[in-house]
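Guided by the hints, dock chain G onto chain S, whose structure is given.
Going line by line, the protein sequences match chains S and G.
Under our numbering, read the first sequence as residues 1 to 279, first letter to last.
Under our numbering, read the second sequence as residues 1001 to 1279, first letter to last.
Rather than coming from a laboratory, the hints here were simulated on the basis of the structure.
Quick reminder that beta carbons are idealized off the backbone N, C-alpha and C, glycines included.
Please note: incorrect hints may appear among the correct ones.
Here are the computed distance ranges between Cβ atoms for each label pair [what the hints assert, rightly or not]:
| no. | chain 1 | residue 1 | chain 2 | residue 2 | range |
| --- | --- | --- | --- | --- | --- |
| 1 | G | 1175 | S | 54 | 50 to 56 Å |
| 2 | S | 77 | G | 1083 | 47 to 53 Å |
| 3 | G | 1025 | S | 166 | 37 to 43 Å |
| 4 | G | 1166 | S | 85 | 25 to 31 Å |
| 5 | S | 173 | G | 1207 | 47 to 53 Å |
| 6 | G | 1048 | S | 79 | 49 to 55 Å |
| 7 | G | 1112 | S | 49 | 48 to 54 Å |
There are 2 protein chains.
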Amino acid sequence: MADDTSARAFAPGHVTAFFSPCEGSDSQRIGSTGAGLTLTDGVTATVEPADRTTIHLNSERARLQAVEYVLNDLSVTARVALETPLPVGAGFGVSGAAALSTAFATNLLFDLNRTENELITTAHSADVRAGTGLGDVVAAARGGIPIRIRPGAPEYGELDGIPANAEIEYTTFGSLSTSTVLESDSQRLSAAGERALRQVRRRPTVETLFAAGRRFARTTGLLSTPVADLIAAVEEAGGQAMMAMLGHTVVALGEGLSRVDHEARKCHIGEGGVTLRTE
Amino acid sequence: MADDTSARAFAPGHVTAFFSPCEGSDSQRIGSTGAGLTLTDGVTATVEPADRTTIHLNSERARLQAVEYVLNDLSVTARVALETPLPVGAGFGVSGAAALSTAFATNLLFDLNRTENELITTAHSADVRAGTGLGDVVAAARGGIPIRIRPGAPEYGELDGIPANAEIEYTTFGSLSTSTVLESDSQRLSAAGERALRQVRRRPTVETLFAAGRRFARTTGLLSTPVADLIAAVEEAGGQAMMAMLGHTVVALGEGLSRVDHEARKCHIGEGGVTLRTE
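So that you can see chain S by itself, here it is in the shape it has in the complex:
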């Protein structure tokens, strides 16, 4: 189904509303509980055989450790071209989506005969080891609005979802380092994340997700000034907005951002999770 010269796969972006990090020593069991939105904006990976591995992101040479780990773990070298409209390092799970789409395209191109769960596990483990994500890969693999009930790769983790779909707008003021935040105050993060998770499981709606996300950002002290101001403006105009974990990024429901005259990119909540692109 791939021609012999390249294969392509897509993985949605994933905006975390809140999370509790779960540490450990096994990268397949490490992860996070929490919830977020997958997006129709994501990462498309095109993989071609090559004698040594190179990675390009939107046509520029890039280092993405999670993608390198995936290729190493699958024992291949390849030229990987990643295309995405999403900002990098701003809370959209680009690293996880890149690892996941690369794993699926690589499996197809090289006839590696892995199952979906095996490829998700490879990408999850790579994202965890690279320090770039704890739950983005399993969320992006599912699509929709994933609730991460138990952390880790498919063998260990457990997912549910909020059955909803909606238009989404987003804008970003810059990046926030995942590893710096995780080192800061993981007990406070965990407690706030667990409370938010209970709230969303009691009433699994998009509105609850946004409310729980806003409260998480406030109580963990992660909310930066421009983000807080813009969320307040959207709320005053009757909209729903929250901060993306982890980035100086605002995500709004419907036309929440353009209604307050803020320039924003539009997309939808993702539907299908990771998919091969065979056209």
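Below, chain G without anything else, positioned relative to chain S:
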């Protein structure tokens, strides 16, 4: 996100290649292991409030017990209009897809605040109790090419998938009763289903799925003459085909049926599982 007067959801059809029935007394734990293909052809349910429940299938009044059970379990009455291009009772999981799409649309319309897993559980249990399916609902909820490793609703079951996509053609010679087959020789079915499952998990490709499906149909004695002849013709022409469990139905990869001049409907392997239709 629904207007107040109706809500709509889509669930893909599901063609079982092989299965092992798993009996029990709890409809959430009952199910089957096995594997199959979900299809871009499926069932769209439009649900409207009504004082008493009515169900229409392609505009004709119909009795679908699984759909009635879903509405009962969700404690609502409604007018349900189901649309599908799939033949009914011919191995496409129409009953399960109808139950699943109805559950998602009903949850949206009546603001029932269930999670995705809760709605999948409701639809699975309804399909099992109606005697119309053992694994179609959990497969249709996932999309793609689901491998059902452990049976039952999300809390009990375990799924994996074959990471592939392809064009599919299908044609049907008529229906085959699920309950009659299940009563016939469940030990032989189970043994053949387990062998096929091992085969597909060892080499998770579409080609293996079709080969395992053909062998299952032969060894269980379920293969009827017109189905066997057509599968043989497709194979002689270099194609891949198998029988749908349970229906006198042939499913072929790519243009396998039109290449042997057999009239067939075209679709693709399903991608996104069950989804709300909010346009």
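* Asked: Going through the earlier hints one by one, which of them does the structure break, listed in rising order?
  -> none
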